[in-house]
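Q: These protein sequence lines are chains A and B, in that order. Residue 314 in the working numbering sits at position 314 of the first sequence, and the numbers go up by one each step. Residue 419 in the working numbering sits at position 96 of the second sequence, and the numbers go up by one each step.
Some hints could be false.
Here are the computed lysine to aspartate or glutamate pairs in the EDC-like style, where the Cα-Cα straight-line distance is at most 16 Å [claimed, not checked]:
id, chain 1, residue 1, chain 2, residue 2
1, A, Lys322, B, Asp335
2, A, Lys317, B, Glu566
3, A, Lys282, B, Glu547
4, B, Lys559, A, Asp290
5, B, Lys559, A, Glu215
6, B, Lys357, B, Asp335
7, A, Lys317, B, Asp435
8, A, Lys322, B, Asp435
9, B, Lys557, A, Glu191
10, B, Lys557, A, Glu316
11, A, Lys131, B, Glu547
12, B, Lys557, A, Asp292
13, A, Lys14, A, Glu316
14, B, Lys325, B, Glu430
15, B, Lys469, A, Asp241
16, A, Lys214, A, Asp290
17, A, Lys89, A, Glu47
18, B, Lys375, B, Asp435
19, A, Lys144, B, Glu563
20, B, Lys559, A, Glu191
21, A, Lys317, B, Asp445
22, B, Lys477, B, Asp378
23, A, Lys261, B, Glu430
24, A, Lys220, A, Asp292
25, B, Lys469, A, Asp290
In short, the hints are calculated from the structure, not lab data.
Residue strings, one per chain:
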Amino acid sequence: MSEIIVLAEQQAGKIVKATLHALTAARQLAQKTGATFDIVVAGQGIEGLGAQLNGYGAARVVILEHPALLNYTAQAYAQAFAAAASGAKFVIAATTAIAKDVLPRVAARLGAGMAADVLAITGEAGALIYKRPMWAGNVIAHVKINTPVHVLSVRPTEFALAEPTGTTSPVVVVKATVDEAKLRMTYVGLEAVESSRPALTDASVVVSGGRGLKEAANFKIVEKLADTLGAAVGASRAVVDAGWVPNDWQVGQTGKVVAPKLYIAVGISGAIQHLAGMKGSKTIVAINKDADAPIFQVADYGLVADLFSVMPELTEKLAARKG
Amino acid sequence: MKILVTAKRVTDPNSKIVLRPDRQGIVTDNVDFKMNPFCEIAVEEALRLRDKTEDSEIVVVTVGDEETTKEIRTALAMGADRGIRVAADEKSLDSDVVARILMKLCEQEKPDLVLLGKQAIDGDNNQVAQLLAEYLGWPQATFAYKFELTEGNKGARVQREVDGGVETVSLTFPAVVTTDLRLNEPRYASLPGIMKAKKKPLTEVTPAELGVDMTLKVTTVAFEPPPGRTAGVKVKTVEELIEKLATEAKCI
Ligand SMILES: Cc1cc2nc3c(=O)[nH]c(=O)nc-3n(C[C@H](O)[C@H](O)[C@H](O)COP(=O)(O)OP(=O)(O)OC[C@H]3O[C@@H](n4cnc5c(N)ncnc54)[C@H](O)[C@@H]3O)c2cc1C
Ligand SMILES: Nc1ncnc2c1ncn2[C@@H]1O[C@H](COP(=O)(O)O)[C@@H](O)[C@H]1O
Numbered sequence: 001m002s003e004i005i006v007l008a009e010q011q012a013g014k015i016v017k018a019t020l021h022a023l024t025a026a027r028q029l030a031q032k033t034g035a036t037f038d039i040v041v042a043g044q045g046i047e048g049l050g051a052q053l054n055g056y057g058a059a060r061v062v063i064l065e066h067p068a069l070l071n072y073t074a075q076a077y078a079q080a081f082a083a084a085a086s087g088a089k090f091v092i093a094a095t096t097a098i099a100k101d102v103l104p105r106v107a108a109r110l111g112a113g114m115a116a117d118v119l120a121i122t123g124e125a126g127a128l129i130y131k132r133p134m135w136a137g138n139v140i141a142h143v144k145i146n147t148p149v150h151v152l153s154v155r156p157t158e159f160a161l162a163e164p165t166g167t168t169s170p171v172v173v174v175k176a177t178v179d180e181a182k183l184r185m186t187y188v189g190l191e192a193v194e195s196s197r198p199a200l201t202d203a204s205v206v207v208s209g210g211r212g213l214k215e216a217a218n219f220k221i222v223e224k225l226a227d228t229l230g231a232a233v234g235a236s237r238a239v240v241d242a243g244w245v246p247n248d249w250q251v252g253q254t255g256k257v258v259a260p261k262l263y264i265a266v267g268i269s270g271a272i273q274h275l276a277g278m279k280g281s282k283t284i285v286a287i288n289k290d291a292d293a294p295i296f297q298v299a300d301y302g303l304v305a306d307l308f309s310v311m312p313e314l315t316e317k318l319a320a321r322k323g
Numbered sequence: 324m325k326i327l328v329t330a331k332r333v334t335d336p337n338s339k340i341v342l343r344p345d346r347q348g349i350v351t352d353n354v355d356f357k358m359n360p361f362c363e364i365a366v367e368e369a370l371r372l373r374d375k376t377e378d379s380e381i382v383v384v385t386v387g388d389e390e391t392t393k394e395i396r397t398a399l400a401m402g403a404d405r406g407i408r409v410a411a412d413e414k415s416l417d418s419d420v421v422a423r424i425l426m427k428l429c430e431q432e433k434p435d436l437v438l439l440g441k442q443a444i445d446g447d448n449n450q451v452a453q454l455l456a457e458y459l460g461w462p463q464a465t466f467a468y469k470f471e472l473t474e475g476n477k478g479a480r481v482q483r484e485v486d487g488g489v490e491t492v493s494l495t496f497p498a499v500v501t502t503d504l505r506l507n508e509p510r511y512a513s514l515p516g517i518m519k520a521k522k523k524p525l526t527e528v529t530p531a532e533l534g535v536d537m538t539l540k541v542t543t544v545a546f547e548p549p550p551g552r553t554a555g556v557k558v559k560t561v562e563e564l565i566e567k568l569a570t571e572a573k574c575i
């Protein structure tokens with residue numbers, strides 16, 4: 001097996017895009033350490049999934065199968081992943097809800113230190129430094145892991161999407177190690193947010209709305225602009241808390257981190273917790289009626305206006321441009 | 324039912340946090356400290372659970388210096404029954420050490436449920452609860468948005484905020500649960516609550532007394548400021564905005 005293990009994430013038999021960003025981090029580590037990397041994915045009835053991970057330069061693609069892995073649960077996945085990573089020096093996954101949930105448990109099982117939400121890997125093999133955000137990204141810490149095994153979650157927006165290398169990786173399907181007697185939790189179900197829009201974390205354009213929209217029904221103003229641009233829809237925590245939109249849309253310190261080419265913030269004040277999730281965007285547009293709103297401090301283009309009067313015009317004109 | 328709940332002292336989420344010019348830490352002038360917002364939600368949930376069950380006890384724990392006693396007192400004023408402070412300097416801790424300290428306390432206290440915040444808003448590590456759960460071999464539900472006891476109070480059904488929606492898991496106690504912002508609206512400590520809190524038991528213990536090895540698995544060796552982003556321009560009209568996005572930013 002390889003010294004570097006990438007834990008891939010699958011949802012309903014599809015590898016999530018964030019994993020392809022983690023592969024870039026793995027390649028960087030491989031380059032620094034001279035080691036190879038394996039990709040490990042877990043589930044039940046996912047033998048066919050190897051093809052999606054082939055061609056990325058992995059020494060092996062390992063598919064862990066077990067009935068207890070049919071649906072994700074922290075206890076079972078931690079066991080399976082830790083057993084599969086036993087003997088590795090680095091265990092990497094993209095920072096997703098599942099990685100946040102399971103990776104520390106994997107670290108505990110491996111006796112490893114973990115750096116969460118790594119932004120960059122610097123230093124030489126043997127003296128690697130991981131840069132990670134603290135205080136909602138207002139400070140970047142350089143951390144060192146003192147254990148022989150390093151566990152890392154990496155922020156997808158800071159590592160490019162891995163391009164296929166053209167190599168083939170042998171795919172091995174193995175029965176995962178899970179001690180079912182130790183499991184005291186079960187998966188009940190997922191209330192999925194169905195959407196035909198691009199995923200928030202993958203989209204090249206994101207339009208987000210905040211409390212300035214005044215009420216839930218008005219959120220469609222944001223959605224309309226998003227659909228005109230083929231964009232994903234995001235939201236501030238305030239409107240998620242108010243129940244206007246699903247939690248899955250939240251951008252920020254405690255929600256999703258996005259870095260699209262274009263981020264349009266509509267009626268969002270720009271609290272530091274919100275900025276933490278979007279200030280890495282290439283171009284930021286803010287529409288807010290308060291000229292002193294903190295969002296303007298990070299916006300490339302600020303429009304001080306009542307959103308209710310400018311949003312229909314903006315949507316219409318952009319639609320007309322598209323023809 | 325016995326509930327152990329954690330209350331970490333952190334910088335106020337409304338304070339502006341900047342790195343000191345010497346880059347050794349953050350500027351603390353004009354920065355307030357308070358209980359981590361996610362811990363307040365954990366304390367509140369514990370109080371609600373105590374109301375729904377009989378003979379329940381809430382033990383609030385913090386790991387930190389003398390100052391962190393304030394967060395225990397706040398939790399006691401909100402209604403928790405007793406407090407334990409594990410005396411340690413913030414610099415001597417990492418997520419793993421905190422988890423191992425909490426593990427020892429769990430072995431002593433034998434709670435049915437440990438409620439923690441999903442993340443401390445200073446370190447943003449989001450690790451302690453999961454490490455603790457694994458060390459204890461217990462099930463966990465992180466990012467709780469709805470919490471319901473199951474029959475006989477032997478376990479819980481928890482709705483969790485995940486990528487793609489809300490997931491439900493069911494677990495049997497003892498278990499570890501972390502709170503997300505929508506779980507509840509924490510109460511404020513009342514004046515009588517604050518008076519009562521002064522008489523509630525608060526014990527102190529050291530990591531050495533608990534037999535915890537304080538070797539750090541992760542050390543912070545330096546800090547740097549985040550990449551800066553400067554304010555751009557204000558546009559006057561929608562037309563000007565579209566023009567800039569098309570010709571300057573070239574993103575539409
Ligand atoms: C522990 C913690 C974690 C948090 N995590 C997050 C997070 O991850 N993400 C997040 O977003 N927040 C988070 N928050 C909340 C954050 O602090 C702010 O409260 C929240 O982002 C504010 O949302 P908002 O900008 O929509 O609302 P507000 O701050 O109320 O701003 C509304 C804005 O709309 C403008 N407005 C009003 N009417 C109009 C109009 N007609 N036209 C144009 N503009 C108008 C106003 O000028 C104002 O600037 C967190 C808070 C805490 C304590
Ligand atoms: N020093 C501490 N004292 C008490 N609780 C803590 C401490 N550090 C972390 N916690 C708890 O663990 C949760 C997750 O913290 P973290 O993993 O550091 O983001 C926090 O919300 C607290 O509930």
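Q: Within a Cα-Cα threshold of 16 Å, do Lys261 of chain A and Glu430 of chain B meet the stated pairing?
A: Not satisfied, since the Cα-Cα distance of roughly 50 Å exceeds 16 Å.
Q: Given the hint that Lys317 of chain A pairs with Glu566 of chain B, test it: the Cα-Cα distance must not exceed 16 Å.
A: Since the Cα atoms of Lys317 of chain A and Glu566 of chain B sit roughly 11 Å apart, the hinted pair holds (cutoff 16 Å).
Q: Measure nothing beyond the straight line between the CA atoms of Lys557 of chain B and Glu316 of chain A; if it is 16 Å or shorter, mark the hint as holding.
A: 21 Å, violated
Q: Sort out whether Asp292 of chain A lies within 16 Å of Lys220 of chain A, counting only the CA atoms.
A: Violated - the C-alpha atoms of Asp292 of chain A and Lys220 of chain A are around 26 Å apart, more than 16 Å.
Q: Quickly compare the C-alpha distance for Lys559 of chain B and Glu215 of chain A to 16 Å and report which way the hint goes.
A: 26 Å, violated
Q: Run the distance test for Lys469 of chain B versus Asp241 of chain A: straight-line Cα separation, threshold 16 Å.
A: 13 Å, holds
Q: Within a Cα-Cα threshold of 16 Å, do Lys282 of chain A and Glu547 of chain B meet the stated pairing?
A: 21 Å, violated
Q: Does Asp435 of chain B sit within 16 Å of Lys317 of chain A, going by the straight-line distance between their CA atoms?
A: 59 Å, violated
Q: For Lys469 of chain B and Asp290 of chain A, compute the direct alpha-carbon distance and say whether it is at most 16 Å.
A: 35 Å, violated
Q: Decide if the proposed pair is consistent with the structure: Lys322 of chain A and Asp335 of chain B, CA atoms, cutoff 16 Å inclusive.
A: 45 Å, violated
Q: Given the hinted pair Lys477 of chain B and Asp378 of chain B, is their alpha-carbon gap at most 16 Å?
A: Holds: Lys477 of chain B and Asp378 of chain B sit about 14 Å apart, inside 16 Å.
Q: Lys144 of chain A and Glu563 of chain B: Cα distance at most 16 Å?
A: Not OK: Lys144 of chain A and Glu563 of chain B at ~48 Å, beyond 16 Å, violated.
This entry does not satisfy hints 1, 3, 5, 7, 8, 9, 10, 13, 17, 19, 20, 21, 23, 24, 25, going by the numbered hints stated previously.
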